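Asks: Sequence:
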Amino acid sequence: MSPQELQPKEKNRSRKTQTRAHDLLLALSRAAQSIQRAHTAEDFYQAVGREIQSLGGDAALLLFNEDRQSLSMAFLSYPPDLVRQVERMAGGLSMYEYRFPIVPGGIYERALRGRTAVYIASAIEMLNEILPSHMRAFSGELTSMFNLGHSVMAPLWVEGETLGLLAVGGAFFSDADLPAMDSFAGQIATGLYNIRLMQKLQEELEARKQAEEALRISQATFEGIFNSVSETIYIQDENGLFLNVNSGAERMYGYSREYFIGRTPEFLSAPGLNDFDKVAEYVRLAFLGQPTAFEFWGLRKDGTIFPKEVRLAAGTYYGRKVVIAVARDITARKKAEEEQRASKAKVQALLDSVPDMMFVLNRDGEFIEYYAGNEQSLHIPPDVFLGRNVRDLMPGDLIEKHFAAQEALMRTGKSQLFTYSLENSGQKRDFEAHMVTYLTDNILCVIRDVTWRREAEDELRRANLSLQAAHKELQQMFAHEQVLARTDVLTGLFNRRHFFDLATREFNSSLRYRRPLALILFDVDGFKTANDTFGHAFGDNILVKIAQAARSQVRDVDVLARYGGDEFIILMPETGVEQAFLTADRLRKMIESASVEADGAELPVTISVGLAEIAHDADHSVEAVISRADKALYQAKQAGRNHAVIYSDQ
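Mind the numbering: the sequence shown is residues 1 to 650 in this note's numbering, read in order.
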């Protein structure tokens, strides 16, 4: 081809190159403007990606890790689906978590060290340098997937610091684009640097805001605690000048907090009762780090004078060395101390009137102190036993009792009591020893002469025995009277009065819970005639035998009683009248089969029986049931006697 033919083609290629360069510069200019407007890293990354994609390429931003030995992916403009597909090929390895190595002498190191853009004609070489070994077999496929073509790698360099790399891929790149990419990378680095500065500034502002809020909360907390304690607190400088007081001081003296501040304590002092030279010395010592405590007579705003206890210590108040005073009203304590002194005087007076002897001993058994209202009661003079040991002065059996009680006292912590006897002037005297711990390591023994008590106890014991015997006899008499009060003497059955007590209770229970209840009323046929003919002894014998027969037929829960004369009555709880009839008829037949001897002859005995049951909706008392049973009994008599009849209103 002739030179004349090549010339138009070269001109056309030159125009295309100029057009692409112009488009690249415009895109980079727009990207720079977007970068300057970005407020967050994400905004920044998206602006870079949009402008590179507008040129038909894609971009990746890799930033240094803290170790400065590797890079991490900060941004990829490729579609997320494509990125996930590659991550699956890598066995789940995240591109954003992977640390890209910087190979010495490699493409990445040249770009970083040289601080200038590098044109990469072979993307495969670039990929193999940073891919894990198991992924290098896919470098060709990855080049195609990402449409890498030619690539440019430009360092992100600003203010003497390299932040990372901008990697841009696309078929349109050539080495002629390197200056423009250097400029673009510089804009990106500046933008990143500014965003980092902005983030750092925001973090510092947030930290300052948090610190100010923490300080505010701390001050509020301090004031809350300062004013919530019950004690009075003052904060003073080295001269005693009040810098702050809590609400306790306001309550104690009646002055406002503002009135305290800037004053010294003289206005709080009761006239003539405090030595202010000493108070000033206490403040000075506390300021130097020596805590002190003293009592102070205060003067309230209303003129009341009161005692208080003051404790001083050095402290720090908003960075300033101060004295912190804590005061407490001790009016109650002073009053208690005065009452205690009076109480001690009373105790001493009481001790002077007590006949007991008191000894204080150590654990070895040595006498340390003693008290005896009447020293004539001491068997051994004080100058003989003080400082001496129990073992040297007491009989053997008393020594054993003393140390046995002492061992039990030390083991259990509980007071011990033992008794002993001594001969004095030929007379036996009895004593009681009460042993307790005294002042932690010592033992107090209180000794009392109880000879009179032993004699009185002996007399009382004899009187108690007599009283117990009399009491037992009275109990037996009372129990017998109770039995007589509820029992029929002849038959041993319940009497009529006790029957009504029991029957009323059972009736009320049956009525309340609508439970069945039956009643049997019976008497002896022809009893009056037999009694008049054969005498009262014969009649009594009949009644006793009938009572025995009836007792054999009833249950423990049934109430059997002699109703009066020859009449007997049975109350059967939880029993219907039909079931009660079976019991009544068995009893009737049992009596019919027996006989009673009179004048050498066996005479037959029969009974007539009437039965009735409770009517829950009509009856209001057990007497109503008895009345119906009595009517049934009358019907049995009318039927020829020796019958059992259930009441019916038909």
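Do not take every clue at face value.
[What the hints assert, rightly or not] So the derived label-pair ranges between C-beta atoms look like this:
#: 1; residue 1: A121; residue 2: S94; range: 25 to 33 angstroms
#: 2; residue 1: I368; residue 2: Y318; range: 50 to 58 angstroms
#: 3; residue 1: F267; residue 2: K321; range: 19 to 27 angstroms
#: 4; residue 1: S94; residue 2: T40; range: 20 to 28 angstroms
#: 5; residue 1: A137; residue 2: S94; range: 16 to 24 angstroms
#: 6; residue 1: K335; residue 2: T419; range: 19 to 27 angstroms
#: 7; residue 1: S415; residue 2: G387; range: 43 to 51 angstroms
#: 8; residue 1: P132; residue 2: D175; range: 25 to 33 angstroms
#: 9; residue 1: S247; residue 2: A332; range: 31 to 39 angstroms
#: 10; residue 1: P381; residue 2: M410; range: 27 to 35 angstroms
[Unchecked claim] Only pairs whose alpha carbons sit at most 20 angstroms apart, straight line, appear in this in silico EDC-like list of lysine to aspartate or glutamate:
#: 11; residue 1: K637; residue 2: D556
#: 12; residue 1: K589; residue 2: E574
#: 13; residue 1: K528; residue 2: E578
#: 14; residue 1: K428; residue 2: D356
#: 15; residue 1: K631; residue 2: E602
#: 16; residue 1: K308; residue 2: E266
#: 17; residue 1: K414; residue 2: E457
#: 18; residue 1: K428; residue 2: D397
#: 19; residue 1: K545; residue 2: D532
#: 20; residue 1: K637; residue 2: D566
#: 21; residue 1: K414; residue 2: E432
#: 22; residue 1: K200; residue 2: E42
#: 23; residue 1: K344; residue 2: D356
#: 24; residue 1: K321; residue 2: D237
#: 25; residue 1: K414; residue 2: E455
#: 26; residue 1: K631; residue 2: E567
#: 27; residue 1: K301; residue 2: E339
#: 28; residue 1: K528; residue 2: D630
#: 29; residue 1: K631; residue 2: E597
#: 30; residue 1: K545; residue 2: E578
#: 31; residue 1: K428; residue 2: E455
#: 32; residue 1: K308; residue 2: D329
#: 33; residue 1: K428; residue 2: E457
#: 34; residue 1: K545; residue 2: E574
#: 35; residue 1: K308; residue 2: E250
The hints are simulated quantities; they were obtained by calculation from the structure and are not laboratory data. Note that the coordinates shown come from a computational prediction; the quantities given were computed from them, not determined experimentally. Each residue gets a CB set at the ideal place from its N, CA and C atoms; glycine is no exception.
Asks: Each hint needs a verdict: does it hold in this structure or not?
Replies: Now for the hints, and whether the structure bears them out:
1. Roughly 29 angstroms separates the CB atoms of A121 and S94, a value that falls within the hinted 25 to 33 angstroms.
2. Distance hint for I368 and Y318: a CB-CB separation of about 57 angstroms, consistent with the stated range 50 to 58 angstroms.
3. Checked against the hint of 19 to 27 angstroms, the pair F267 and K321 passes, with Cβ atoms roughly 24 angstroms apart.
4. Checked against the hint of 20 to 28 angstroms, the pair S94 and T40 passes, with Cβ atoms roughly 22 angstroms apart.
5. The beta-carbon spacing between A137 and S94, approximately 20 angstroms, falls within the hinted interval of 16 to 24 angstroms.
6. About 43 angstroms separates the C-beta atoms of K335 and T419, a value inconsistent with the hinted range of 19 to 27 angstroms.
7. In this structure the hint that S415 and G387 lie 43 to 51 angstroms apart at CB is violated, the actual value being about 26 angstroms.
8. Separated by about 30 angstroms at the C-beta atoms, P132 and D175 satisfy the suggested range of 25 to 33 angstroms.
9. Evaluation of the 31 to 39 angstroms hint for S247 and A332 yields a failure: the beta carbon distance comes to about 20 angstroms.
10. Distance hint for P381 and M410: a CB-CB separation of about 30 angstroms, consistent with the stated range 27 to 35 angstroms.
11. Under the criterion of a C-alpha separation no larger than 20 angstroms, the hint pairing K637 with D556 is inconsistent with the structure, at around 29 angstroms.
12. Among the hinted pairs, K589 with E574 is inconsistent with the structure: their alpha-carbon atoms are about 24 angstroms apart, more than 20 angstroms.
13. About 31 angstroms separates the Cα atoms of K528 and E578, which puts this hinted pair outside 20 angstroms; it is violated.
14. Our distance criterion of 20 angstroms between C-alpha atoms is met by K428 and D356, whose separation comes to about 18 angstroms.
15. Distance check on the hinted pair: K631 and E602 sit about 31 angstroms apart at the alpha-carbon level, beyond 20 angstroms; violated.
16. This hinted pair checks out: K308 and E266 have alpha carbons roughly 15 angstroms apart, not beyond 20 angstroms.
17. Distance restraint check for K414 and E457: the Cα-Cα separation of roughly 26 angstroms exceeds the 20 angstroms cut-off, and the hinted pair is therefore not satisfied.
18. Taking the CA atoms of K428 and D397, the gap is about 15 angstroms. The hint holds against a cut of 20 angstroms.
19. A distance of roughly 18 angstroms separates the Cα atoms of K545 and D532; the hinted pair therefore holds under the 20 angstroms criterion.
20. Of the pairs offered as hints, the one joining K637 and D566 holds, with about 14 angstroms between alpha carbons and a cut-off of 20 angstroms not exceeded.
21. For the suggested pair K414 and E432, the alpha carbons sit about 17 angstroms apart, so the restraint of at most 20 angstroms is met.
22. Our distance criterion of 20 angstroms between C-alpha atoms is met by K200 and E42, whose separation comes to about 16 angstroms.
23. Between K344 and D356 the alpha-carbon distance is near 18 angstroms, which keeps this suggested pair within the 20 angstroms criterion.
24. Restraint check for K321 and D237: the C-alpha separation of about 7 angstroms stays at or below 20 angstroms, so the hint holds.
25. For the given pair, K414 sits about 29 angstroms from E455 by alpha-carbon distance, which is inconsistent with the 20 angstroms threshold.
26. A distance of roughly 14 angstroms separates the Cα atoms of K631 and E567; the hinted pair therefore holds under the 20 angstroms criterion.
27. Between the alpha carbons of K301 and E339 the distance comes to roughly 28 angstroms, so the proposed pair goes past 20 angstroms and is violated.
28. Between the alpha carbons of K528 and D630 the distance comes to roughly 18 angstroms, so the proposed pair stays at or under 20 angstroms and holds.
29. A distance of roughly 32 angstroms separates the Cα atoms of K631 and E597; the hinted pair therefore is violated under the 20 angstroms criterion.
30. A threshold of 20 angstroms between alpha carbons decides the hint, and for K545 with E578 the separation of about 26 angstroms lies outside it, so the pair is violated.
31. Of the pairs offered as hints, the one joining K428 and E455 holds, with about 12 angstroms between alpha carbons and a cut-off of 20 angstroms not exceeded.
32. The suggested pairing of K308 with D329 holds, with an alpha-carbon distance near 4 angstroms, which does not exceed 20 angstroms.
33. For the suggested pair K428 and E457, the alpha carbons sit about 16 angstroms apart, so the restraint of at most 20 angstroms is met.
34. Our distance criterion of 20 angstroms between C-alpha atoms is broken by K545 and E574, whose separation comes to about 27 angstroms.
35. Our distance criterion of 20 angstroms between C-alpha atoms is met by K308 and E250, whose separation comes to about 15 angstroms.
Going down the numbered hints, you'll see the structure goes against 6, 7, 9, 11, 12, 13, 15, 17, 25, 27, 29, 30, 34, while the others check out.
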